[in-house]
Amino acid sequence: MIKVGVVGVGRGRTFINSAKDTGMELVAVCDIWEEKLNEIGKQYNVATYTDFDKFLEHDMDAVILANYFHRHAPFAIKALDAGLHVMSETTAVITMAEGVALINKVEETGKVYMLAENYPYFRYNQEMRRLYQEGEIGEMVYGEGEYIHPDSVEARNKRAPGFNHWRNLLPATYYNTHALAPIMYITDTIPVTVNALCIPFFDSDEQSSLPPKKSDMSSVI
Numbered sequence: 003m004i005k006v007g008v009v010g011v012g013r014g015r016t017f018i019n020s021a022k023d024t025g026m027e028l029v030a031v032c033d034i035w036e037e038k039l040n041e042i043g044k045q046y047n048v049a050t051y052t053d054f055d056k057f058l059e060h061d062m063d064a065v066i067l068a069n070y071f072h073r074h075a076p077f078a079i080k081a082l083d084a085g086l087h088v089m090s091e092t093t094a095v096i097t098m099a100e101g102v103a104l105i106n107k108v109e110e111t112g113k114v115y116m117l118a119e120n121y122p123y124f125r126y127n128q129e130m131r132r133l134y135q136e137g138e139i140g141e142m143v144y145g146e147g148e149y150i151h152p153d154s155v156e157a158r159n160k161r162a163p164g165f166n167h168w169r170n171l172l173p174a175t176y177y178n179t180h181a182l183a184p185i186m187y188i189t190d191t192i193p194v195t196v197n198a199l200c201i202p203f204f205d206s207d208e209q210s211s212l213p214p215k216k217s218d219m220s221s222v223i
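Going left to right, the sequence shown walks through residues 3 to 223 as our numbering numbers them.
It should be emphasised that the hints constitute simulated quantities derived from the structure, not laboratory data.
It is possible that part of the hints are untrue.
[What the hints assert, rightly or not] Pairs of lysine-lysine residues, derived as DSS-like cross-links and limited to a Cα-Cα distance of at most 30 Å, are as follows: (1) Lys44 x Lys107; (2) Lys44 x Lys22; (3) Lys107 x Lys160; (4) Lys107 x Lys56; (5) Lys5 x Lys38; (6) Lys5 x Lys22; (7) Lys56 x Lys44; (8) Lys38 x Lys22; (9) Lys113 x Lys80; (10) Lys22 x Lys107; (11) Lys38 x Lys80; (12) Lys80 x Lys5; (13) Lys113 x Lys160.
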């Protein structure tokens, strides 16, 4: 049985439940949110840590990172260095340099790294993959992907409270996995070149004058 630790007791709670359901043994959780951390620790009878470095010393095989997105790469690299397999929430990195460092570390350690992009595993994407892999819909020569996630004002404010919350400052290009990943998964292909188009900016346009957000209009072709 794989012994796993989870970083993040907010979003990470989803993975805590999934670990048990998939036959893994949850052994430790880590977060600086001490009130919720202690609650989770007692509920699941597992070790709790507020210090990530000490958390990595716990006897386990893998870690799941569900902390803030800008900490994913540094935490993943530390975990790989500690000899642990890693599954990381999106996004994996925030700069190309982090991407190179992360790839190099995976190759150096030989450990398994997985990006926890969930959208390809929805039932309709699973069925599209089956149809494509069995040759029932031919060979892909052109595809478009777009992810639309409508929210009420109440739901959006609850998930991203405050003007400076990181979700409200995240450009769409930093979070394109929901649009891109299903195409890659269905066809077993990887992009080799990128062609980007600029979006015009007008000071008189109320929408354009807002900070970049993950809900900006964007799609993958």
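These are the hints, each one checked on the structure:
1. Between lysine 44 and lysine 107 the alpha-carbon distance is near 34 Å, which puts this suggested pair outside the 30 Å criterion.
2. Restraint check for lysine 44 and lysine 22: the C-alpha separation of about 16 Å stays at or below 30 Å, so the hint holds.
3. About 36 Å separates the Cα atoms of lysine 107 and lysine 160, which puts this hinted pair outside 30 Å; it is violated.
4. As the CA atoms of lysine 107 and lysine 56 are separated by approximately 20 Å, the hinted pair is consistent with the 30 Å bound.
5. At roughly 22 Å between alpha-carbon atoms, lysine 5 and lysine 38 fall within 30 Å of each other, so this suggested pair holds.
6. Taking the CA atoms of lysine 5 and lysine 22, the gap is about 10 Å. The hint holds against a cut of 30 Å.
7. For the given pair, lysine 56 sits about 19 Å from lysine 44 by alpha-carbon distance, which is consistent with the 30 Å threshold.
8. Simply put, lysine 38 and lysine 22 have alpha-carbon atoms about 19 Å apart, close enough for the 30 Å limit, and the pair holds.
9. Simply put, lysine 113 and lysine 80 have alpha-carbon atoms about 12 Å apart, close enough for the 30 Å limit, and the pair holds.
10. Simply put, lysine 22 and lysine 107 have alpha-carbon atoms about 28 Å apart, close enough for the 30 Å limit, and the pair holds.
11. Restraint check for lysine 38 and lysine 80: satisfied, since their Cα atoms lie roughly 24 Å apart, inside the 30 Å limit.
12. Our distance criterion of 30 Å between C-alpha atoms is met by lysine 80 and lysine 5, whose separation comes to about 18 Å.
13. Taking the CA atoms of lysine 113 and lysine 160, the gap is about 36 Å. The hint is violated against a cut of 30 Å.
Checked against the numbered hints given earlier, this structure breaks hints 1, 3 and 13; the rest are met.
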